[in-house]
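Please model the complete structure; the sequences and the hints are all you need to start from.
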Amino acid sequence: MHIDAAESLPAGRAVPALRAALDGHGAAVLAAPPGTGKTTLVPLALAGLALGGAAPAAGKVLVLEPRRLAARAAARRMAWLLGERVGERVGVTVRGETRPGSAVDVVTTGVVLQRLQSEPDLDGVGTVILDECHERHLDADTALAFLLDVRATLRPDLRLVAASATADTGPWARLLGDAPVVETDAALHPVETVWAPPPRPVPPPHGMRVDPAFLAHVAATARRALAERGGDVLCFLPGAGEIARVAGLLGDVPADVVQVHGQAPREVQDAVLAPVSRRRIVLATSVAESSLTVPGVRTVVDSGLAREPRTDHARGLGALTTVRASRATAAQRAGRAGREAPGAVYRCWTRGEHDRLPARPRPEIELADLTGFALQAACWGDPGASGLALP
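Read left to right, the sequence shown gives residues 1 to 391 (my numbering).
Note that these hints are calculated values from the structure, not bench results. Hints should not be assumed to be uniformly reliable.
Per label pair, the in silico range of CB-to-CB distance [claimed, not checked]:
{"hint": "1", "residue 1": "390", "residue 2": "206", "range": "25 to 35 Å"}
{"hint": "2", "residue 1": "309", "residue 2": "351", "range": "26 to 36 Å"}
{"hint": "3", "residue 1": "194", "residue 2": "274", "range": "51 to 61 Å"}
Note that the coordinates shown come from a computational prediction; the quantities given were computed from them, not determined experimentally. Where is the CB? At the ideal position from N, CA and C, for every residue including glycine.
This is how it looks when you write it as structure tokens:
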């Protein structure tokens, strides 16, 4: 088993305080930067599978992840730490894949919303961990609101953990009834910042469109990073179309070019998390920002772009649009380069532009078409959502 080595991660030192907080309050906020073991070691510890803990009598641990890739990666990593396969003590349930575990289940927020509508008491579940809660996805915010309702009415014994990679924990603690905040130290190695703006001004993104000249610059920056640094390169782009275009511009580099996004085949998504001998340039959307470590990455190339939902009020439709990423998102992306060793981030904008970026992304509930949320609330029995405690 590999669990003995994992128990030395920084999150391990926070587990006694987290257990005490849950025993005394029933809810807690865990603030733990990337690479500390927040996503993998903590669920195992709360399930009694690590750090000498006793198995909770109330039931298994349910871990909520915002993305399928993150859910599968977390489940596979936890099973590996135990020397097992997924589906034994650690399971996973995402769209198209169901392998329940006997002690820990990792699920996407969409899956848990479906379960809550049909089985609101979450029979057999003792603890729910909402991972990456700081990302403020609409499904995650909705799931937490439903879980708080369940805890207030059906399951006062249900233990809740809001796990965040940022230090902005006050609002979450208040939402969980002035819950204790447990913090752990960072495990990141130093990351050097290289400002790498385009040599000439390029038009800003408009709607879904990103100027081809800017994508050519991102590709050139990835080439530069591959030549100047060791290890693999992780390049963040806003969508699958931009990834395909940049990949086409990197066809002759002395490295494998891997495309990772939500529509990529599961085999490709899983393979990117496995160590390889040949160098890689991994082109990824926001699916690679959190919850998982892409092995071998020493350099991040950040386009500085992201996709956010918007509502077209004229047409009454929701759509995605390309925006400048926030400073918090940029920091999260840069941290990918320092998970295993000292690294570097090449940012495709200037320091002055960086200082003018928004501090953090806006919550999806403020931006997205809320038709789906309204339907969820109506099915929950609260059509106006007036009784829901939303973040």
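Consistency of the hints with the structure:
Between residue 390 and residue 206 the C-beta distance comes to about 31 Å, which sits within the given range of 25 to 35 Å. Range check, residue 309 to residue 351: Cβ separation about 29 Å, and the 26 to 36 Å hint holds. Checked against the given bound of 51 to 61 Å, the beta carbons of residue 194 and residue 274, roughly 28 Å apart, lie outside it.
Hint check: a violation occurs at hint 3 only; the rest are consistent with the structure.
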